[in-house]
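Each residue of the sequence shown is one higher than the last, beginning at 1 in our numbering.
None of these hints come from the bench; they were simulated from the model.
C-beta: ideal position from N, C-alpha, C; glycine also.
Check each hint, because a few of them may be wrong.
[As the list claims (entries may be wrong)] So the derived label-pair ranges between C-beta atoms look like this:
1. 25 / 3: 21 to 29 Å
2. 25 / 4: 24 to 32 Å
3. 30 / 9: 36 to 44 Å
4. 9 / 32: 14 to 22 Å
5. 29 / 9: 19 to 27 Å
6. 25 / 5: 18 to 26 Å
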Amino acid sequence: MAKAKFERTKPHVNIGTIGHVDHGKSTLTAAITRV
1 MAKAKFERTK PHVNIGTIGH VDHGKSTLTA AITRV
């Protein structure tokens, strides 16, 4: 079985954010992931 080559158009990145409530994690994540 031949598989078609899969090419990524965007880099694959996993980022973990750890912090207390109301420390801007959602804002930071939204700013980083807006490409």
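Quiz item: Are there hints from earlier that the structure breaks, and if so, what are their numbers?
Solution: Hints 1, 2, 3 and 6 not satisfied by this model.
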